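Top line first, the protein sequences correspond to chains A and B.
Going by my numbering, the first residue of the first sequence is number 1, and it counts up by one from there.
Going by my numbering, the first residue of the second sequence is number 1, and it counts up by one from there.
Incorrect hints may have been included.
[To be verified] As a list, the in silico SDA-like pairs of lysine to any residue whose alpha-carbon atoms are at most 25 Å apart:
| no. | chain 1 | residue 1 | chain 2 | residue 2 |
| --- | --- | --- | --- | --- |
| 1 | A | Lys53 | B | Thr126 |
| 2 | B | Lys408 | A | Leu61 |
| 3 | B | Lys431 | A | Thr192 |
| 4 | A | Lys210 | B | Trp429 |
| 5 | B | Lys431 | A | Arg17 |
| 6 | A | Lys8 | B | His405 |
| 7 | B | Lys431 | A | Thr56 |
| 8 | B | Lys430 | A | Cys57 |
| 9 | B | Lys432 | A | Asn191 |
| 10 | B | Lys431 | A | Ser69 |
| 11 | B | Lys435 | A | Asp201 |
| 12 | B | Lys373 | A | Ser69 |
| 13 | B | Lys412 | A | Ser69 |
| 14 | A | Lys53 | B | Gln129 |
| 15 | A | Lys53 | B | Ala428 |
| 16 | A | Lys53 | B | Asp443 |
| 17 | B | Lys193 | B | Thr126 |
| 18 | B | Lys430 | A | Lys72 |
| 19 | B | Lys431 | A | Leu61 |
| 20 | A | Lys53 | B | Lys193 |
| 21 | A | Lys8 | B | Lys408 |
| 22 | A | Lys138 | B | Lys432 |
| 23 | B | Lys435 | A | Thr56 |
| 24 | B | Lys431 | A | Lys72 |
| 25 | B | Lys408 | A | Asn7 |
| 26 | B | Lys412 | A | Lys210 |
| 27 | A | Lys53 | B | Met391 |
| 28 | B | Lys432 | A | Pro184 |
| 29 | B | Lys412 | A | Tyr59 |
| 30 | A | Lys72 | B | Met391 |
| 31 | A | Lys53 | B | Glu446 |
| 32 | B | Lys430 | A | Thr56 |
| 33 | A | Lys53 | B | Lys408 |
| 34 | B | Lys432 | A | His63 |
| 35 | B | Lys408 | A | Gly51 |
| 36 | B | Lys408 | A | Asp201 |
| 37 | B | Lys408 | A | Thr56 |
| 38 | B | Lys412 | A | Asn7 |
| 39 | B | Lys408 | A | Phe54 |
| 40 | A | Lys53 | B | Leu414 |
Just so you know, the hints here were simulated from the structure itself, not pulled from any lab data.
Treat the numbers as computed from the prediction; the structure is a model and nothing was measured.
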Amino acid sequence: MSSELLNKITISIVEGRPDETVDLTRQALVDGLEPLTIIDEGLTVGMNIVGDKFQTCEYYLPHLIIAASGMKQAMEILEPELQSRQQEAESAGVVVIGSVAGDIHEIGKSLVGTMMSASGFQVHDLGVDVPTEVFIAKVKETGADILGLSALLTTTMTVQRQVIRELEEAGIRDQVKVVIGGAPISQEWANTIGADGYAEDAVGSVELAKQLVV
Amino acid sequence: MRPKLNLLSDALVEQIIAEGFELLMNPGVRVHNAEALKLLADAGAKVDFETQIAHIPESVARRALETRPSEFHLYNLDGEQVVHYGGDRVQFDPGSAAITVLDSETQEQRQPLTADFVKFVKLVETIPQLDAQSTALVCVDVPDEIGDLYRLYLALNFMRKPIITGAFRKDTWWTMKDMLVAMVGSEKALAEKPIAVFDVCPSPPLLWSDLTCQNMIDSARYGIPSELVSMPLAGATSPVTLAAAVVQHTAECLSGVTICQLAHEGAPIVWGGSPAAFDMREGTTPMGAVGTWMIDCAYTQIGKALGMPTHAYLGMTDAKVVDAQCGLESSGGALMAALAGVNMVSGAGMMDFESCQSYEKLVIDAEIIGMSKRLIRGIEARDNPIALTLMQELGHRADYLAQPHTLKWFDKELYLPSAVIDRGSLDAWKKKGAKTAWERAQDRVEELLATYQPAPISDELRAELRDITTHAAQKFGMDELPPLPLD
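So that you can see chain B by itself, here it is in the shape it has in the complex (with noise of 0.2 Å):
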């Protein structure tokens, strides 16, 4: 039986439901943005296009709901399905767009140049815990203009895994598009296998900016997936109940798969989220909290209710340095993720918030969703009988290491952890070099950077990003990009 974390009663998802469904009629979304008002007018919404609000009928967003997919599939650079979005299937990928790196030598935040996010992206594809790529630094080296663009560029570059990322602007998207076709060697590619999924965020309370509802129509109208990231703050830009911080994410993700459905029927898009419990006394936005990682797993259990597939921010800490909050922090909204059965859980190796990458921190993370993987999976009886058979031929006997029974078993019932976990004796530990956890965690980074395998990607491919890259960043006053760090 697989462990199921469910925190909202049947009747209670139900209200919430009814409530979401509620608010976009009264007091409506309001969208920044022409073509999806005309797109939401067109369909039956009551609309004033003077205040750019739109009072949304149940039945228009209950129509969406009949034509999104209910479940799709990421491809990695092989052409192999690798992701599956939909279901209680979970997967674990990078935080992204943080605007700082955790320097290895001095521990204190950096802004990140090309190098440290090649460093990074390669990383990722050598942590088997990881199953996807984001976007996950920006990097200072070019100009702010194509800094989301800029990062696709250089993970595309390196990656084989699909990857998660985002455009922090309209126009941008369209280069970031190109770069994606390109990989794929066509737009029907790339609808057919997309490789990529674009987080669209909505502004709380029920606002659509202008750039993120034209990012989800643009990627909704080629067939690649978007993956809302609606975002109450318990407390400050929501309701403070944790019920009805979901009651708000409902309503902003409905009128997401609204306006996704209405730009292109059976567009791919995921029910997801970062929101936050408001920290009554710092007015931050924490991520370790448990009130945070409740709303997340609360509308979890909503978008399945609504037969949607899910996503989440959850496995992140606030704290500054990879110490005891930070472990404590990132492995409470994993394990809570897994058990909610979030189908893609973004956030590790995020720190402060989510403005912080930490290599160290991505390794020791990868430990804690290896075991939280470990945990979904449940005890299954294995042998019929489960034990009888063993023990009573062994009797008394204590000899159970020498069975051929724990070598058949022993890796697959037990997570069996990288040396940045230690359970070595007191002695052991010493004549290792009394290494705490961050600084195994940096022998584990350089140990796995070693195995890295460089990506399939040709030549000609590589000038072709190159080219697109090098004339997005022409517009913005850059005429060559930095060099790509090629070994």
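Looking at chain A on its own, in the form it has when it is part of the complex (with noise of 0.2 Å):
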């Protein structure tokens, strides 16, 4: 029964429907399953199969999006449960992101909180145009693992540079891995710039995370 019930839950993950995804969720809790069983067998195997299909060109973002909005509405009831029973999810790592200071593009940005959020990754999104200085503290705030620089123009492309810099000056650069993204951004423009990566989508991120938290 117990695995019935999670596999319509992966279902609903995968076929993007995320009120269903919410219901059978509660379902599952009355029933008795573990949260962490919920998550681990039954939203995570559906992510996983999203994340694949997106790759292969079956899916496109629009599928992404509405999988990964159905696992965090999913993940918002089992946090109260985790916490009463005094267990956490397994984190992959804590993620700070945001567009630097002076670009106010977004799209991208939150496509890939959302992603790294619904691969396990604990986002703190602080949104658009964000001051530099907002970024360290949050960083130093959360010990994030992973800070997430946006930008879409190559006018703000620079500012990626210059919060790398500030990090060092505030000697937590070696505590924290860089990655940067948006249009005009490239492996070269990390590789000048001493960030740690860079991906070209947001799948993609989602790896280059993974990778660099191990």
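Put the two chains together into one complex; each comes in its own frame, and the hints tell you how they fit.
See below:
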């Protein structure tokens, strides 16, 4: 019975029905399933399938987002349950992400944040036009494993370099991996400014983050 | 609203049709076929049997326009109605009867063999944007005399989609008809649910050769659809002005419809062609010229005005390699054809005028076709109000990617291309090997071929087709056919 319910949760994620994911998650708790089991054997399995389908070009961005939304809503139900059991969902790592100062572009950054969140990272999304000192403060506060810096403009991509320099000045550059993204960004630029990584798209960024926190 | 291209004013349409009828009378139509001449004479045309010229009164041609069907369907080998000739339905099939194939490795043209055409048929089956097969390659590993029927034999062994074909001789038509009958069980079944169309090509100006005329008459009698392929060459075999080339096309097609209907009232026949605007420097027949596209679209408008199903040879290139010229010419022609509402657009995969077929071009053309079909679906409101509810709910948040509305509509509103079309960033493109369109097309061909599902044909039927074909081959000195490349 329980495996059937977990399978339904997986399918609701894969087929993009967040409301159903929420209902099934509640049902699973009522049936006495452990929150960690629901996450590991239901939700995460679904997200992995969605990621695979995206990479084989069967799925497109809206599929990714709706699946992540189902995952997120289910997690909102499961978090209090985990806390009451003094358990934690296995965190893949802590991520601070935002678009750099002067850059108001949101879509790509949010997509990466959503996908990382759905992949088990604890994501702190600072939004857009984030002052450099706010990034630094948040990294210190959360002990972040990864700092994601987004820039869509050639005029704001240099701010990514600036953030890295200020991390160095603050003496915490070696405590956090800096990953960068955005339309004009390339691996070459990542090398130039001393970033730890660059990914092509949201799915790629999850892979990159997983590699960097190992 | 569906976008529609009309190149001719109503007045011009009327005048072109009027002049077309006039040409049927004076100078008349050359008909090098005894049976057709007799049919025309019996119907009231003034026929000079010596010079083989028929002067056809407008009333005779008008009568034919009353008995021809304004629409008909083609069926696939599962018996499903999949192609609709008539109205503004737009469908695509590969260019037909190429004498070379572009080698995937060397990118050079070479003579096609059995395995090449079988690969081509399989590829066409897997391309969703293509609505029909065509007998696209003429294989050189059989005698020339059976070049036409051998293509059909190969295609029938591997296809499900209906096929656009044609005969190169009078006698081979009968063999091809026998094959089609074998496929569907009886002559009656073939007439009721046709799976093939025969192209019939008048020679410009105003000539019906014995061969093509007989093919049309025989097809009409068996209820097999014919597709007129009239090909005025503006400035060489027809007047150079585009409107005048269309007048000539009109007269040739009117004479074709007339002979067809006299042979068998109600026989399905298509108003089609493959005209070209003669190249005044090279002396060639460019299929990628804007003048060519315009003649095609204009005669389509004439055909529609006369209530005929339509066809055109468009979406081809004169380029010899898959390059920028290839892409721009193929796109221009295919888009124009879609906008003009041509029922069957033949030409996908074809290059170097009408002489070469390329697998790689075919999968690139599939994307052009996908985009063209999307274009003519036009823009719809989809929701009412169109945007108000959604935009007032979201306010100024740029959060549409996460909306169920987006998931619901994106794949209906947007054409989603295959990886043949590169839309990644520079880095993403480099990471995938910095491949050109040609290389991505090579990958796509392999990817698609791997998905081919064998045709629903029994061993008995295969054997019957082989017997029919072998019998024809033996008349021309080939005792045994090349082996069928079956997996």
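Problem set entry | Hints not upheld, ascending by number | Structure breaks hints 5, 10, 12, 18, 20, 22, 24, 26, 27 and 38.
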